[in-house]
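**Student:** As a plain string of letters, each chain reads:
There are 4 protein chains.
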Amino acid sequence: MNGSSFGNYFKITTFGESHGAALGVIIDGCPAGLPLSADNIQTYLDRRRPGQNSYSTPRKENDLVEVLSGTFEGRTTGTPVALLIRNESQRSADYSEIASYYRPGHADFTFDAKYGFRDYRGGGRSSGRETAARVAAGAIACALLGELGITVCAYTKSISDTVCFGTDDYLSGRFSLDELVSMRDKSPLNMPDAEASARAERFLDELRGQHNSAGGTIECILRGLPAGLGDTVFEKFDARLAHAMLSIGAVKGFEIGSGFGAALLTGTEQNDAFYTDEAGAIKKRTNHAGGVLGGMTDGSDVLFRVAVKPTPSVAAPQETVKKDGTPYTASITGRHDPVIVPRAVVVVECMAALTAADALLGNLGSRLEHLKKLY
Amino acid sequence: MNGSSFGNYFKITTFGESHGAALGVIIDGCPAGLPLSADNIQTYLDRRRPGQNSYSTPRKENDLVEVLSGTFEGRTTGTPVALLIRNESQRSADYSEIASYYRPGHADFTFDAKYGFRDYRGGGRSSGRETAARVAAGAIACALLGELGITVCAYTKSISDTVCFGTDDYLSGRFSLDELVSMRDKSPLNMPDAEASARAERFLDELRGQHNSAGGTIECILRGLPAGLGDTVFEKFDARLAHAMLSIGAVKGFEIGSGFGAALLTGTEQNDAFYTDEAGAIKKRTNHAGGVLGGMTDGSDVLFRVAVKPTPSVAAPQETVKKDGTPYTASITGRHDPVIVPRAVVVVECMAALTAADALLGNLGSRLEHLKKLY
Amino acid sequence: MNGSSFGNYFKITTFGESHGAALGVIIDGCPAGLPLSADNIQTYLDRRRPGQNSYSTPRKENDLVEVLSGTFEGRTTGTPVALLIRNESQRSADYSEIASYYRPGHADFTFDAKYGFRDYRGGGRSSGRETAARVAAGAIACALLGELGITVCAYTKSISDTVCFGTDDYLSGRFSLDELVSMRDKSPLNMPDAEASARAERFLDELRGQHNSAGGTIECILRGLPAGLGDTVFEKFDARLAHAMLSIGAVKGFEIGSGFGAALLTGTEQNDAFYTDEAGAIKKRTNHAGGVLGGMTDGSDVLFRVAVKPTPSVAAPQETVKKDGTPYTASITGRHDPVIVPRAVVVVECMAALTAADALLGNLGSRLEHLKKLY
Amino acid sequence: MNGSSFGNYFKITTFGESHGAALGVIIDGCPAGLPLSADNIQTYLDRRRPGQNSYSTPRKENDLVEVLSGTFEGRTTGTPVALLIRNESQRSADYSEIASYYRPGHADFTFDAKYGFRDYRGGGRSSGRETAARVAAGAIACALLGELGITVCAYTKSISDTVCFGTDDYLSGRFSLDELVSMRDKSPLNMPDAEASARAERFLDELRGQHNSAGGTIECILRGLPAGLGDTVFEKFDARLAHAMLSIGAVKGFEIGSGFGAALLTGTEQNDAFYTDEAGAIKKRTNHAGGVLGGMTDGSDVLFRVAVKPTPSVAAPQETVKKDGTPYTASITGRHDPVIVPRAVVVVECMAALTAADALLGNLGSRLEHLKKLY
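Residue numbers (this note's numbering), protein chains in the order written: chain A, 6 to 380; chain B, 6 to 380; chain C, 6 to 380; chain D, 6 to 380.
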């Protein structure tokens with residue numbers, strides 16, 4: 006079982022546990038000539054870093070990234086880029102209690118079922134900290150996409166039942182992507198709607214008082230992708246995206262375009278009409294497809310949403326069992342976010358970027374004429 | 006771009022267009038010794054076959070499967086099993102019209118964008134007919150699971166806004182899986198709720214009169230999976246399932262357990278309490294997780310849902326363009342299901358079985374003690 | 006264990022046993038727009054077909070190939086190309102004897118060790134007949150290479166101790182590749198040296214009288230490959246070639262350039278001097294490297310040799326055991342080539358072409374500037 | 006192009022350049038429960054380390070390995086094991102000269118051809134130093150094999166035309182594997198024949214005086230492998246081995262069992278007779294097959310040889326060109342081994358171990374009865 010790689014062409018392989026020596030990632034397949042520095046990557050890691058506001062764990066980690074290989078004089082060389090992030094905050098805590106029982110909503114039980122034992126320090130490989138390696142790799146994917154004029158942007162769409170104003174407001178020209186990002190970055194919850202964010206903050210303060218936690222949804226847009234990315238059968242662009250998203254720890258659902266809403270529409274409502282714009286380009290009047298038709302990008306924005314479950318670590322007492330099966334009442338104290346959603350935003354963005362970078366490379370050989378152009 | 010394979014251990018590779026000579030699949034990695042005959046496979050293909058009732062296309066295809074390799078004296082040999090399904094109904098229709106414009110909601114435009122041209126006969130590789138190969142392969146996966154006491158069962162959960170009575174009714178002991186299957190098989194829509202099915206049938210009859218189509222959702226249960234299947238990072242069991250489901254043509258969303266509903270719950274609501282049953286086994290009181298914790302199966306039922314969009318081929322007039330960009334009003338006549346959902350049920354079941362078979366094989370090497378037991 | 010695929014980008018997956026219903030292959034990843042007909046493929050299969058002269062088995066197989074998918078109006082569409090070759094000569098022979106004992110030099114014993122039983126009819130999946138699927142796929146790879154001005158040419162270099170006149174004669178301009186092919190095609194042994202061929206034929210006639218068989222070597226040239234194909238570490242171009250060659254049933258060795266001879270040279274002898282030719286291109290004065298430096302093609306001919314063992318099926322009596330371990334004297338009668346080498350020539354050529362096609366596609370994303378050129 | 010991974014089940018991914026910050030490897034797929042410490046790995050790295058005697062470069066590298074993840078309380082956890090080796094000896098040398106021209110026998114030219122530029126410091130990714138990561142990973146594979154009673158042993162078979170006494174002396178019981186290792190470890194050239202080693206040492210001293218270098222061969226034995234490892238078509242055990250071996254920088258040839266010698270034998274000579282030993286086990290009287298029949302291990306020793314070219318870096322003057330094509334006479338001074346063979350011995354051993362570990366894991370699902378035993 007070797008499931009720590011993602012991507013077939015722009016391929017990443019990650020390692021690291023929450024309380025081991027380090028986390029890291031190897032990116033194999035990044036084209037040569039991409040301008041890259043540790044700073045580019047650090048910017049993304051800083052967005053994921055804990056302790057930035059009262060809604061994220063106060064764990065102090067600088068999460069400084071070191072580029073170990075694959076660059077020369079400020080550009081990628083085509084060989085594997087390895088990134089290292091040391092764990093600084095490995096407190097010699099007493100884990101004997103947590104080692105003895107199964108936390109509800111966590112992977113303690115399944116780790117034991119699979120491997121016979123587990124690294125119980127801070128969640129080990131199943132910790133949210135694992136996503137730091139994805140973000141580091143995703144930053145490089147974003148740099149690659151940027152060179153081709155492609156932008157990826159995710160944001161908190163809802164926290165519990167507090168939802169940002171309509172998707173159409175963002176997408177139908179009321180705001181530009183830049184404005185969306187700017188509004189998002191003003192919210193401690195990464196929610197690009199000041200009023201909704203304030204309401205969600207109050208709700209979270211309340212929940213925290215109850216030693217409980219909340220879930221929410223994240224929306225993500227990929228703009229500027231050429232049409233034709235993704236394959237027609239198993240490696241559909243949206244299938245890869247769904248895979249990428251459900252591989253993020255707390256994600257329980259994925260939908261693209263009208264998504265589950267499509268189940269309620271009729272054919273004439275769901276179908277997007279084609280038309281020719283003034284410049285002569287073929288466009289779609291609507292985007293219920295979410296930018297993917299038959300598994301291939303159609304040139305519109307790729308637009309999808311994911312559902313994130315509430316933080317499973319809550320201080321409220323919960324029924325569970327010890328390893329030997331005896332009953333136990335768990336109350337998980339310590340540093341835990343009351344909501345995972347805001348910190349997962351950059352993870353969603355990075356996994357989407359990795360999916361797109363992979364599809365871009367995978368599509369190069371789709372036509373004989375491409376080969377004739379390059380050879 | 007070679008996206009016609011699925012699975013890393015129990016690996017299938019499919020081929021075939023709607024109106025080419027044949028469809029088929031190679032299953033590579035099926036363990037030796039599995040009892041298998043063409044009849045086992047035919048049973049599954051017959052469930053997918055068109056023309057079975059008034060809600061599926063009257064296209065006449067017997068979809069007879071031929072086993073070309075990989076079996077000997079009624080058992081798999083460990084070498085690739087190849088399955089062939091001839092296309093019988095290749096009518097020499099006039100496709101010149103369909104070749105000239107882009108059908109809304111279809112892959113015509115994206116095929117041209119990717120490859121420069123397309124096999125426009127009946128949707129080519131993007132036809133729903135492509136799923137016949139998946140079903141044939143999935144039948145073998147089901148046979149393998151069956152040997153290990155694992156059952157997969159999917160059914161129509163809703164058509165437009167007509168929903169079967171609650172999931173809890175099926176799952177909390179009111180009905181057994183066998184009863185569920187039996188009720189499902191009585192409905193032409195594969196809806197295991199006679200009353201809801203009748204309502205949905207009336208709705209579809211109405212829609213058909215309007216030359217329109219409907220969407221819906223499918224629910225699927227995997228029962229009997231051992232705990233520990235799936236990997237902890239990118240190859241999570243639910244990530245693989247999501248990939249499998251979104252790879253089915255008309256699927257626009259995937260959710261596991263409480264799914265998008267989890268975004269509305271608190272931590273204490275979403276977490277499933279562990280307890281020890283009378284036999285001493287560790288169980289969960291609820292299953293909001295949908296049977297997967299940290300990417301690994303937890304021994305409960307794996308339970309997920311997918312959203313299926315309405316059939317894109319509708320006779321109602323639709324705005325679109327020709328290949329050269331000139332406006333065109335499309336009205337797609339011919340044999341098309343008013344709803345895809347019922348026929349997709351067996352496809353969902355088969356893709357789930359393929360995912361599970363792959364995870365079962367992938368998990369064999371998870372512990373050194375397993376190797377010591379076998380070598 | 007799913008080892009019936011080869012290639013990461015131009016990926017083939019084969020199936021079929023010697024005496025099953027059919028053999029075949031799916032080619033996934035072939036670029037769209039490649040002119041292709043069944044005739045192109047048949048030409049290659051005809052070169053492999055048995056019964057063409059007294060040195061190959063008289064088994065009568067027309068080996069007619071059927072293209073099942075992936076082409077439209079004479080060109081590949083980018084979707085999987087499936088090829089089918091029916092087994093015509095499935096004689097209802099009595100295999101009970103061969104089923105009971107282990108033939109020396111064959112895979113009977115190892116099949117039983119791996120799978121617990123085997124399809125004993127004519128060698129099953131381990132039959133030389135398996136290579137028909139490779140050749141069919143290789144023909145498409147050759148067509149792709151041809152579009153880019155790349156030629157692949159293999160020939161019998163030696164049979165037992167009868168060796169063609171020196172490699173340098175072929176390669177240093179005494180003959181062109183076309184002349185080499187023309188001389189090869191005149192020899193029933195595919196040996197482009199009439200005198201050596203005649204000697205080898207006499208030797209084989211003698212061996213046949215002794216119910217014995219001979220081995221030999223095959224040499225192969227790839228001309229016209231652009232520099233830079235192959236990866237720098239594990240997926241070196243020569244490593245992939247070695248893999249491809251040793252995957253052919255009877256091959257026991259592989260060497261590139263000076264090969265095992267390099268072990269006897271000094272550094273100054275082995276190294277190829279670079280110079281600039283009149284047209285300003287950087288060339289090498291010699292080619293001891295065999296056209297690969299550091300795992301990447303260097304623009305010279307790629308030149309390699311393989312060792313082929315003698316046909317293991319001989320009528321001379323051999324010591325062996327039955328399945329239950331009791332001693333048995335085997336004398337394998339029936340239709341068997343006294344030498345495998347000549348028929349393996351086209352297999353070597355096709356596996357080399359598949360390796361090159363895969364490397365060509367895999368190299369497309371090596372530079373950011375390539376992406377900028379195509380997107 | 007992402008060729009820095011090896012293995013499908015026991016999968017390694019390496020990174021690192023000769024003069025970058027570090028080298029390293031991620032091992033993904035190692036079963037949980039394997040006892041492992043940094044010391045186990047260090048022992049192997051120490052065998053590869055330069056500066057151990059007068060026949061290896063005096064570069065001072067301690068090559069200390071750090072285990073970054075994947076172990077807990079002295080055992081592997083089943084999650085990725087990451088290993089890091091810092092480059093200590095990154096001298097701020099002046100590389101401007103080496104940057105300007107193409108060294109014969111090196112990858113300078115092909116790197117530029119592929120990527121447009123290169124990291125010219127000390128050979129970059131193509132340096133022999135890259136193998137440190139393979140050795141670190143291979144040490145873990147060796148530990149895994151050791152738990153199952155499998156031994157891997159490589160040694161210098163020849164240097165130029167100085168050959169150890171016959172293979173049969175080692176293999177037919179005159180020496181045990183332990184004795185072989187002990188004799189090997191006494192030779193600075195890893196040559197388990199004191200007399201031949203002394204002769205080769207004198208020859209190398211002479212060559213060094215001439216600013217030249219020598220090649221040689223390495224032989225490797227895998228003992229204790231169960232029968233049935235490897236696949237029957239493309240992933241044959243020997244095909245994987247050939248791939249592994251040719252992926253080592255200076256290797257130009259691979260042969261298994263009688264290898265190229267098989268081309269000179271008759272069928273009755275090459276075939277190994279089966280017999281039943283006193284314990285009732287089926288054995289082979291000879292091992293011309295080299296332990297692999299039809300791509301699967303047959304229970305005998307797997308025995309193969311590789312050809313290693315002479316060190317390409319020689320101080321003797323060589324004709325070459327600058328990047329712009331102007332003629333240049335290169336004389337490569339600095340720290341270079343007069344022969345690569347002795348230091349490559351442990352690399353061969355480790356790549357063989359990685360191949361075997363991968364095949365062991367890949368074979369677990371070969372029979373349905375295996376699954377029934379584990380689930």
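FYI, nobody ran anything at the bench for these hints, they're computed from the structure.
It is possible that part of the hints are untrue.
Repeated chains share a single entry, so a pair holds when one copy, or any two copies, can fit it.
Cut-off 25 angstroms, straight-line C-alpha distance, at most; resulting in silico cross-link-like pairs (DSS-like, lysine-lysine) [what the hints assert, rightly or not]:
| hint | residue 1 | residue 2 |
| --- | --- | --- |
| 1 | K191 | K288 |
| 2 | K328 | K288 |
| 3 | K327 | K377 |
| 4 | K191 | K378 |
| 5 | K191 | K328 |
| 6 | K327 | K191 |
| 7 | K377 | K191 |
| 8 | K378 | K327 |
| 9 | K378 | K288 |
**Student:** Can you list which hints this structure breaks, lowest number first?
**Tutor:** 1, 3, 4, 5, 6, 7, 8
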